[in-house]
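Engineer: The listed protein sequences derive, respectively, from chains L and D. End of the first sequence = 193 in this note's numbering, gap-free, step of one. End of the second sequence = 300 in this note's numbering, gap-free, step of one.
For the record, the hints were derived by calculation from the structure and aren't laboratory data. Ideal placement from N, C-alpha and C gives every residue a C-beta, glycine not left out. Check each hint, because a few of them may be wrong.
[Stated by the list, open to error] Over the 10 Å line for every Cβ pair with chain D, so calculated as not near, a few chain L residues:
hint, residue
1, 7
2, 8
3, 31
[As the list claims (entries may be wrong)] Pairs of lysine-lysine residues, derived as DSS-like cross-links and limited to a Cα-Cα distance of at most 30 Å, are as follows:
hint, chain 1, residue 1, chain 2, residue 2
4, L, 149, L, 59
5, L, 149, D, 293
6, D, 196, L, 149
7, L, 149, D, 294
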Amino acid sequence: MSRVQIVQLPRIAVWLVGLFIVEEQTGMQPQILEERFSDMASGCGTGRASRWYWSQSVKTIAGLAGRGFRTAPWLIVITTLSGALLLQFVTGNLQRVIMEFISLLNHYVTSNYDSKHVASRIFWMYYTVFVGSLLLSLIIGSFVAMVAKRREMIATMTLSFVSLIMTVTTFGRWLLGMHPSTLSFSRESWSSN
Amino acid sequence: MVKQLSASFLIVIGGIIVRELRSAAAQSLKHPALIYGLAFAVSVVTLLVAYFPFYWLLVQIQTWRLGHPNPFTIGPAMDAIPCSFVAAVIAFWFTVRGAKKRWPQES
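Please model the complete structure; the sequences and the hints are all you need to start from.
Structural biologist: Right, dumping it as C-alpha cells:
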C-alpha cells in the first residue's frame, strides 16, 4: 500500500468545500486538491500538506460561492431580502406577542408581586424571547435554504451577513446614543408592570 | 448583541441542515427520516438537559469571579442558553455521523 492512500484529507475542510458545491458546477476542484494534497503529503509531510489544503479549501469555497452567486444572482438577492424582511418582521412581533402572553398569564397576580416573582418574571420574559428568537432564526435560515435550491449555503451566509450588518449598525447607533429607542424594550417592560 | 450574533450563526446552521438533508436524500441513505429524526430528538434532549450543568458552571464562575455568591443569577441563566444551543448542534452532528456509520448508504 502506498503512502498516498494512507494519508487522510482534513475531513472538516472536505466537508466545508462539499457544502458549497453546486451540482451543476464541475466537481473537479476537490479531486485536484486531493491529488495535490497526496503529492505534498508524500513530499513535505502531513502537517504542511494539511495547512496547504486548508488554505486552498478557503480559496475554493470563495470561488464556489462567487460562482454560485454569479450564476443565479437574482435568486440569492430575492431569497436574502425576503429572509431579512421575514426575520425583522417576525422577531419584532415575537417580542410583542410573548410580552402580551406573559402579561395575560400574570394579569391577576401582578399587584401581589414580590421581588422573587419580579425576578422570575424577568427571567422567563428574557428566556422565552431569547429562545424564540433563536428558534425563529433557525427556521428562517432553513426556509431560505429550501427556497435557494442547491445554493443553500450562499443564500444563508448572505442572510447571516446582512443580519450581522444590521446588528452592528444598531449597536453602533446605540453606542453613539443616536437611537435611544433601542432601549424602549426594557423600559416598556418595566413601565407595563 | 449575543442574541443577534447567535441568530446569525443559527441562520447558517439552518442552511447546513437543509443542505445535509438534501445530500442524504441524493445519496439514498437507508433510513434518512430515522437518522435525522433521531438526531433532532437527541439535540432537543441535549438542549434541555445541557442547560442545567452550563447554568451551574456559569454560576460557579460568577462566584469565583466576584469572590462571593451572588443572589442575582440572571446573567449565568442567560449565558447558559447559547452554550446549550451549541451543545445541541454538536450532539446533532455526532448523532448523524454515528447513524450514517450504522446505516450506510444503499448500494
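Engineer: Please write out, lowest number first, the hints stated earlier that are contradicted by the structure.
Structural biologist: none
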